[in-house]
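Enquirer: What follows is each chain in one-letter form.
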Amino acid sequence: MSTRSVPVSAYRIVAGILTFVLAVPGTILYLASYFWGAWLLAGACAAYLADRVLELGRPAFFSLVRSALRRSAMPAIGIVAALLLGAAIMLATGYNPLSSYKALFYGGLVRGWSVSVLNATPLLFTGLAVAFAFQGGFFNIGAQGQYFIGVMTATWIGLALKLPGIVEIPLIFVAAAFVGAATNAIPAILKVKTGAHEVVTTMMFAYAISTLSPVFIRAFGGDPSHSMHPYASDTLPEAAWLPTFKSFLPEANYRLHIGIILAIACAVLVRFILRSTSLGFKVRAVGNNPMAAKTQGISIPRITAASLLISGALAAAAGATQVLGLDHRMYQDLGAGYGWNGISIALLARNNPIAIIFTSLLWGLLDSGGRYMAMTTRTPNSIIEIVKSIILFLLLAEMLYQRIGLSLRAAFSRLRRGSDARTGIEKEIGS
Amino acid sequence: MKRFVIAVAAAVLVFAFGPGAPAFAQSSKPFVAMCTDTNGLGDGSFNDGVWAGLKKAEGEGLASVKVLEAHSMTDYIPNLTGLAEGGSKLVFGVGFLMVEQIQEAAKDEPNTFYAGIDDYFGGNVPRNLIGVSFREQEAGYLAGIVAGEMTKKYYKNSKLLNDKNVIGAVLGMNIPPVERYLAGYIAGARSVDPTVDVRFITVGSFADRAKGKEAALALNDQGADIIIQLAGLSGMGVIDAARERKFFAIGADVDQNAAAPDYVLTSALKGTTMSAYLLIKDLAAGTLKGGENRVFGLKEGAIDIAPFHQFDSIVPAEVKQAVADAKAGIASGKITVPSTLAELGIKQ
Amino acid sequence: MKVSGAVPPVLETRGVTKRFGRIVANHDISIRLEKGEIIALLGENGAGKSTLMNVLFGLYRPSSGSILIDGEEVSFASPREAIAKGLGMVHQHFMLVPTLTVTQNIILGDEPVILGHVLYRAARRRVVELSERYGLHVDPDARLEDLSVGLQQRVEILKALYREARVLILDEPTAVLTPLEVEELFSVLRRLAEGGTSIIIITHKLEEVMSLSSRVYVLRRGELVGERRTSETDAAELANFMVGRDVVLSVERGEAVAAPEPILRLEAVSVRGARGIPALRGLSLGVGPGEILGIAGVEGNGQAELCDLVVGLARPDSGRIVFHGRDISALSLKRRMEAGIGYVPQDRRGSGLVLPFSVEENLALGSCEGPPLCRRGFLDFRALRENALRLMEDYDIRGAGPEVSVSTLSGGNQQKVILAREFSRKPDFLLVAQPTRGLDVGAIEYVYRRILQLKAGGTAILLISMELEEIFALSDRIAVLHGGELAFEAPTSRTNEIEVGEHMIRGRTDRRAS
Amino acid sequence: MSGFAAVLLAPQLLEATIRLSTPVTFAALAAVVCERSGITNIAMEGIMLVGAFFSAYVGWLTGNPWIGLLGGLVAGAAFSLLFAWATVSLHINHVVAGAIMNILAFGLTRYLMMVCYGRQGTSEAVPLTLDHYRLRVPLLSNIPYLGSAVFNQTPLVYLSLISVAALAWTFARTRFGLSLTASGEHPMALETLGRSVYRVRYQAVLLSGLLCGLAGAFLSIENSNSFTEGMTNGRGFIALAANIAGGWQPVGVFLASLFFGLVDAAQLRAQSIGLIHLPSEIFLVFPYIATIVAVAGLVRKSRPPAAVGKDFNVEGGGD
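For the record, the sequence lines run as chains U, D, S and F. Letter 278 of the first sequence, counting from 1, is numbered 288 in my numbering, and no numbers are missing. Letter 179 of the second sequence, counting from 1, is numbered 184 in my numbering, and no numbers are missing. Letter 299 of the third sequence, counting from 1, is numbered 311 in my numbering, and no numbers are missing. Letter 152 of the fourth sequence, counting from 1, is numbered 173 in my numbering, and no numbers are missing.
Worth flagging that the hints you see were computed from the coordinates, not collected in a lab. All values reported here derive from a predicted model rather than from experimental measurement. Just to be clear, a hint being listed does not mean it is correct.
Label pairs and their computed distance ranges (CB to CB) [what the hints assert, rightly or not]:
#1 U/D244 with F/P300: 15 to 25 Å
#2 U/S423 with S/S344: 53 to 63 Å
#3 F/W190 with U/R312: 25 to 35 Å
#4 U/V177 with D/K294: 57 to 67 Å
#5 S/Q465 with U/P69: 52 to 62 Å
#6 U/L418 with S/E239: 36 to 46 Å
#7 U/L173 with S/G382: 36 to 46 Å
#8 U/R76 with S/E350: 42 to 52 Å
#9 U/P69 with S/D406: 41 to 51 Å
#10 S/H336 with U/P69: 25 to 35 Å
#11 S/E84 with U/P69: 54 to 64 Å
Listing some non-contacts, in silico: residues in chain D with all C-beta distances to chain U over 10 Å [to be verified]:
#12 D80
#13 N179
#14 P266
In silico contact screen, one side only, chain U against chain F (beta carbon under 8 Å); selected entries [to be verified]:
#15 I353
#16 I414
#17 G415
#18 S417
Cβ atoms here follow ideal geometry from the backbone N, Cα and C, with glycine treated the same way.
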């Protein structure tokens, strides 16, 4: 209701600058296991909130906060409930949930935080890839395939060209994104021309790519008679490696590379594309109602193709980051499941790019914490997979909450009214 | 030295784990651990083999042991370093997929020895790192001799054999260790009879049992009466097929006779067990040396062929003699077994 | 609960109320139906007629109130129980499975079976026998999707008869029928009533009420506002009841500026429909500036194809479309939009709006290519917001701010969003299809006023509507589409509803005569 | 020696085709039942895996493969009911729910491996497999070419053939089949005729769970003798493709599954004949390519059930 434009005060400028200045180093420090970076982030939050208060005025601000809290209540409840269910399963099968969870979170958030971040990096990219396709109404179930295309492209260029890193790394990213997009062009064309369902085609492409990848690795794996470990290609020259955090933060884990920063930047970029560009607007329109988009002159095939291509590019960027940042070579596919996990992450974030940053970190920490748990307790870390699927289930089953809410309300009203009437609990949902 | 390590390990544990410190670092024996690759224990192969070596050492009172399983490649480093933090003195990383990770782990944890089973490290190897690799072709060669002899000359000894002089191999994926096995196998069979027909099929996965079976059946349809499995878990399917169609299977890596005692003729043994055991023994004796690649072959006692079990009577003394001769020849260097298909003139 | 002496009504409701969340769709409704009687339930769109019928039929459960059959209170948990009690329903949107045969459709849900195995031969015999008994002829083996709409409705009625329905409820049965088919339907219904079946017909068409039913209930905004014997009332009184005031929609149309040169012209355009059958055959027409041409016709006579063709969702098989003297047949929808063609689609929620989008986003839909809303591929949020605020003010869009999702708006306000979007582009030509379907009277008047304003500004308007009233209220000229051909065309002042209705039924009389 | 054609024409190829296609046939039939009722099911992979695990586990515990089979069926049914609850009652998007079910199945079977066997990888072998009950049909098995391949088979292979016929019959002739079709084409029509769409869809998903359970049991206790993690290896997705290529018809789907099986069997054999020298991966990629081609090529000729994948909500419809 506050549409009157508040004159931009000096306070707001300061708050804005402060938010940015605190948030960026805070994020980087925290990701690098400098946990005091959290203070900077808290400061950034405070500055941001102050800015919002100044912008909206107090009542509007508090109603905004309330609605934000209400919106985040369900995910929080879902995650807690999933952990409780996981605990119940552990108890039932003879494992100690308390010590397991203690190890899980200690391992994921503190001890193995750098591993959590490393895990989250490719997942953030594939999550964005899946989400972008979703926004355009398309289910890219084969992000795994495009991931490997990205890996191959990065390996190939990394090995073939000997350029300074400042030139080569951006070049590799651009090329990987391009080839990844091109890979998705085939399912896109099949979808547009024949209607072949993308769930099948992208999946089969992913299988085909991962089957063929050894041929590629052999081509770049040096002489097989000398190579004792043929699943991997040759190592990329160091010039093509992504810089590590250690190069500017000495305490950081030496494997931690700046891929996560690129991924977060990518998430911000994707949000910007979806929200603020004409293309993103059209993608969302087509995803939500293709018929209406069409009658407003938006070309469905073109937008479908565009969202698929961008999706493919993002998945390929995941592969390139993994090669340049962590592996420095190509490994054969072992079903690492970046594609599948990308789907989970996108679903959990409801395709919101900014939320994907957090869901991918959640997945990453569950993975690394789960391993720590398996290492220090006897609990098998496959329980983590179960907990993950329960989280997904609980967060997507809105109906469940409506049901529970309705029956709770009915139960209350029955309590209040005694037993005079059978109150019909209807499975109504207002439209 | 030993005491010092334990003290360090204990300190690490206190800091790392707090109150819930695990129980495994309490004995005075050196603590030895292994990380499986993604196939995990129960693969009837490398992982099980190394684990058997650890158990053997534990049985002899040389060490206390622990195993940690990996489910994806990103598990490797945390597993490898985590075990060192947990006080392990020697950590085995199983499988060539860990080659990069184990080097980094070794850099990270200089006070722990790392042994990469099936790994070969080029260049300068860190002083706490040991590469353990094998001459699989020698095991393949021995199996090839048995298969070639039986299918050519002694097919009348068993109803499971035929007179077609065809033998087979089922491969999981087309990778060099598998290729080395196969090259040795073909060379061994040809050393018996140059006209022997050796056929092989790649399944495309180390975990698709149904397809492994189908590949073996296809080879059997083409007359192969002895088939070696070089396919990991898919190889279980080869044994399934042997049981169903009644032909001989040859196991690989470890003695797989127990999987189907009536059909597994023998197994080509890769001494993951022996190599692990030998390294632990060195460790216990304080003579373990890092910074090198150790290639275990027949000569070192890490490559062998499994006993014939109940087929001992079917396999004639001549065959056993031929195997023994080959062993001697290889050990003495008189026989050099080819390690690639290219050397045999087979195009890939 | 029996009234002593008298035979209880076949069907009765007492104080039925149905709420959806906070919306009250039916409030305290009591109706009564005697054996062999035909009653009508009259009301505008959204008056709550369909909800009431769904309550009767067990699809919805009443929030309060009771339903009595033969004087006994019943409570239906599902349609199955309603069917068992002798209720049969013919839905407005047919509940028929297009890929199944007529016989399968009729027996579905009540198949003659032995151990789960359907006795198709017996079922087919039964269907043939039924259709002969009631004169409802239809091929029992035809696939449903191959039948005409009229025949499909027969199948619906047969479905009810197959279940030995004593009460037949028909929801807007004539909406999709040609007048000839309507006559046939009515005679079938009368015959059924004579045979003892009780019938409820739900409609918003006064003539039908007068010609068919013996009693009529009028619903308005979910409430029962009147009950009359048909013989004791007339159309005017019922209309009054229905809309809640005296006069409907006499809008001051203003005279069309006589313009010799049409802005948009269709020249002998032909096109095939979805299943390859010619949908438009050599259609020619033109609309001039400041003129409204109303296309009357029964639904399914080529209106949908005409829309697609004019706006560019389909290409003609032959003939041309000329706009401002230029052939635009090959231009894409987008190019035509840019050239000045606007479109208010019939299906508001399906193809007019992106429901999860906010009002401002919906208003920007289609203008997201360049200035003023978009610069170099980036949306200008401030321009978007200003545009929305201005249009919301201009078009009286109420109920929410610009940032609120349109799905929360009422139907009338949603339609206003579409009008605002299309009108604000100042089109030279506008295609309007069914602009007032499902709107309340206030909204209808508003929509009419805006359309006429636009016309006064010199825009050429092609109005497609199934409502004759609407056509006559707005058009300067009226054309009738029948079987994909132009059956009739005349200035509004020189024709009347009877003449136009005749052509809607019979098509081109001149050709028939020759 | 013997040429390419000789190998391809050998009866053993047909046998191999049938063996390779049997699990896919079961799963594809499951897809048909589900999709014809209006539920898009991509959870087949997961349900199969759960079925395979429990078949092997119960078979190992009891020593009787038939009881193991029952265990697999019950587990498949129970797991599929969870899927039905999610899609039908909780109205979660079908594809999304299916994806979650797959993740759950992978995690669950791995977890249960640790709980039940204390290790990963491969489970204990069942003492007796269903292969033991191979049945040779007396006269028919003497038919040249077809006889040995089709009429000297194991129980679940016969059952898959019977299932195809039974389902074809079901769709053509039974009340249940008619309800399924109506539920997938026009659910509201079915609902207004007094038959609950929810109920029909629950039944359909349950039946598909049983079929997937059979597919899993085939893999673990008929074609082999123990459970191996991830042993379904994408067969659930191939089944989805077979369902589309087979035009949502039991017989069509059976033929499509056979075709995929044939491609796989043929590529394995083609590798060992030695006519063409190519990296083995080139052969291995054929089945995937064939799948894409089949789906892209055939998808236009048939059309999916009109309401497949769409949520159905009795009172949610409104206007």
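Enquirer: Please go over all the hints and tell whether each is borne out by the structure.
Expert: Hint check results:
no., hint, result
1, U/D244 with F/P300: 15 to 25 Å, "holds, 19 Å"
2, U/S423 with S/S344: 53 to 63 Å, "holds, 57 Å"
3, F/W190 with U/R312: 25 to 35 Å, "violated, 46 Å"
4, U/V177 with D/K294: 57 to 67 Å, "violated, 44 Å"
5, S/Q465 with U/P69: 52 to 62 Å, "violated, 39 Å"
6, U/L418 with S/E239: 36 to 46 Å, "holds, 42 Å"
7, U/L173 with S/G382: 36 to 46 Å, "holds, 39 Å"
8, U/R76 with S/E350: 42 to 52 Å, "holds, 44 Å"
9, U/P69 with S/D406: 41 to 51 Å, "violated, 29 Å"
10, S/H336 with U/P69: 25 to 35 Å, "violated, 53 Å"
11, S/E84 with U/P69: 54 to 64 Å, "holds, 57 Å"
12, D80, "violated, 6 Å"
13, N179, "violated, 6 Å"
14, P266, "holds, 31 Å"
15, I353, "holds, 5 Å"
16, I414, "violated, 11 Å"
17, G415, "violated, 14 Å"
18, S417, "violated, 14 Å"
The structure fails to meet hints 3, 4, 5, 9, 10, 12, 13, 16, 17 and 18 from the earlier list, while all remaining hints are met.
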